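Student: In the order they appear, the protein sequences are chains A and B. If you read the first sequence in the working numbering, its first letter stands for residue 45, the second for the next number, and so on. If you read the second sequence in the working numbering, its first letter stands for residue 45, the second for the next number, and so on.
In case anyone wonders, no lab produced these hints; they're calculated from the structure. Treat the hints loosely; a few may be bogus.
Copies of one chain are not kept apart here, so a pair can be met inside one copy or by any two copies together.
[Claimed, not checked] Derived pair list, reagent style DSS-like, types lysine-lysine, alpha-carbon separation capped at 30 angstroms:
{"#": "1", "residue 1": "LYS186", "residue 2": "LYS360"}
{"#": "2", "residue 1": "LYS209", "residue 2": "LYS186"}
{"#": "3", "residue 1": "LYS64", "residue 2": "LYS97"}
{"#": "4", "residue 1": "LYS75", "residue 2": "LYS97"}
Just so it is clear, the structure is predicted and the values come from calculations on it, not from any experiment.
There are 2 protein chains.
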Amino acid sequence: MKTLVLKFGGTSVGNIDRIKKVCKIIANYKKKKTKVLVISSAMSGVTNDLINKSKLVSNNFEKAEYDTLLSTGEQASCALIAGRLNHIGFKSRSWMSWQIPIISEGPHSGARINRVIVKNLNDYLKSGGIPIITGFQGVNNKFRLTTIGRSGSDATAIMLARYIKADECIIYTDVDGVYTTDPRQYKNAKKIKKISYDEMLEMASLGSKVMQPTSVQDAKLNNIDIQVKSSFINKSGTLITGSSKTFSNQIITGISSTKNDAKITIVGVKDRPGIAASIFKPLSKNLINVDMVVQNISLNGKETDLTFTIKSEDLKKTEKIIKQNKKLSYKKLSFDKDVSKVSIIGVGMISTPGITYRMFQALASKKINILVISTSEIKISVLISAKQVKKAVAVLHKEFKLD
Amino acid sequence: MKTLVLKFGGTSVGNIDRIKKVCKIIANYKKKKTKVLVISSAMSGVTNDLINKSKLVSNNFEKAEYDTLLSTGEQASCALIAGRLNHIGFKSRSWMSWQIPIISEGPHSGARINRVIVKNLNDYLKSGGIPIITGFQGVNNKFRLTTIGRSGSDATAIMLARYIKADECIIYTDVDGVYTTDPRQYKNAKKIKKISYDEMLEMASLGSKVMQPTSVQDAKLNNIDIQVKSSFINKSGTLITGSSKTFSNQIITGISSTKNDAKITIVGVKDRPGIAASIFKPLSKNLINVDMVVQNISLNGKETDLTFTIKSEDLKKTEKIIKQNKKLSYKKLSFDKDVSKVSIIGVGMISTPGITYRMFQALASKKINILVISTSEIKISVLISAKQVKKAVAVLHKEFKLD
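Put together the whole structure using the sequences plus the hints.
Tutor: Listed below in structure tokens is the structure:
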């Protein structure tokens, strides 16, 4: 008998009508003689309301209590789902993390699921029951509730799928799958039927909002097939799986673009060994994430120009840190806030030469200037003017036959 | 070192400002080198909102899920209180029923606390911490959450006080104590300083809303001093304690009156052994609570009139049941919906003769007609026309020197 893990996000259970709809989806799987486990997020809005309450109580609300407070959201939605399934004639019950248990480790509000003891769940599944499991939370070795960060319910679903040895994990959300590029930005974007973990990881890291990179990484490590689907319309979604199962003659799978990037160039840095480290160490200490980095070749062996990108919100802080850096001698600092990173992603590029050339050629044909380039095995990213992102996505989408 | 249990009701923690106020009250006790345990209800409105959600999901919502759903209310309020106490510099944490544990037995939504394992709480108290404990709920031997009925948080507080061997249990609520009679109905009502468990039990059963009879009974059985106080104004409240500690020369402690009573008389019932049982058995089966009962002496040995009172809301159902009762032969059924029960309560009446006479005399002086009488060791109740209740309470309040 097949075992499925179904995960429903906050908007999927956002009100009582949606909870009823979700229960119909669950019931349909159950009728097909499938073992079904359900993971639910809190009803949308509930978590934010609880966060606001905590802020009113304290601007530095204690993390363990924060987790206890937020955990009530999933507890309530799971009880409502189980109650509804009972009402329409199915055997179902809610399971909180501490009842299973889902054991977590690490700090409050940023815990990780360590393991799941599935014995009781397995017995319940064998008896024909549908367990409704609280996402986003665990219980630690002090018997206290923890939460595992934003999108933690996805992580719960993947870990449950791993420990229960599920055949598939279906993530129900408010979009109907992963697209070749953001459909709100480019109307010819197409839904991707299958995508490899690595491609999805790049897509997620590069701006696609469908799944968090850490969840994709978890799925990859545990080799769990994930299907991303909409709980609002009944359509097939996107399967995220191992690259051996995603073979196609498509070279590029998708195109991502970011917003709110900023570029900094330090002109005329005195070139000496360890100079890059002395620039980036204080930034890293201040939790500023540096993305693309380019260092020009030092022609005279004495001075060089260093360019890197960060999130625009970190720009002021970064400027301050560089200016205060006494180990650093340079001529000029220059900034550009209106830049974006556009990336093409696809495992197909490993075996296909000339992709970089085709990308640059296509951008040049639309007079798009490339500021910085960075590449990995399965992606090429370019930094361009933010104003040209739409044009760039369109020309690349056509060039790599995604239309 | 003194150990106190403080219980805060829903209105006392009804919003964030009130939670902050409650934390000041707790902090004041803690500063006096007292061990303090706190029991909290859900923020007012939260429980009703959850109940409404369950009703939208199912008109017959499964009881175990109902308990799981409702339990989130206290979990959230306890986390907020603990978070606030941390913020103002106190060591505090929330404790859910399953973490302590508070072990319950009996059906979901109507469970009873069986015992409390206080070892961890005691260790925490010794370390100077303030435990904030979820009221109203327990965990059963199947490791599932249960709730213990309306006013269950009072029961939690009393059981905690018992197991932790507290010196006193203080119930913070939205009234500032127990009054000689309802102050909204009679402006000369006075706050009672001390009242015995038995008197409080009668008061609670007879319409005083301050505490549920079951909670008073629990306190009596475990000999726990309870103080009822307001969390809104800083005034001494009412101490509920053993009768040996409440001695005064007051004969009557308080006067209660009920609303929504109805009187039924079955005229000309064929008198035979067991006739009363055959009338009341089907009513009891249908969960209709019969209060006062009077059977006139059967003069001719053949027929009798039977009068009893019920809640007005049960009147139609009762009428139907009596009419369908084939074992019953009678001449006429008569109803009176506009009746109320007025009671005088006081341990002093045990040792003071003539109280009944004084009560009847006082009522007669105001031309108040007594329809039914019932008495116990420490109370006398009379059924009168609902229109005369105010007048009756006033004359009795004066007669027994409560003004």
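Student: Against this structure, judge whether each hint is valid.
Tutor: Structure-based check of each hint:
| no. | hint | result |
| --- | --- | --- |
| 1 | LYS186 - LYS360 | neither (41 angstroms within a copy, 56 angstroms between copies) |
| 2 | LYS209 - LYS186 | both (28 angstroms within a copy, 26 angstroms between copies) |
| 3 | LYS64 - LYS97 | both (28 angstroms within a copy, 12 angstroms between copies) |
| 4 | LYS75 - LYS97 | between (41 angstroms within a copy, 27 angstroms between copies) |
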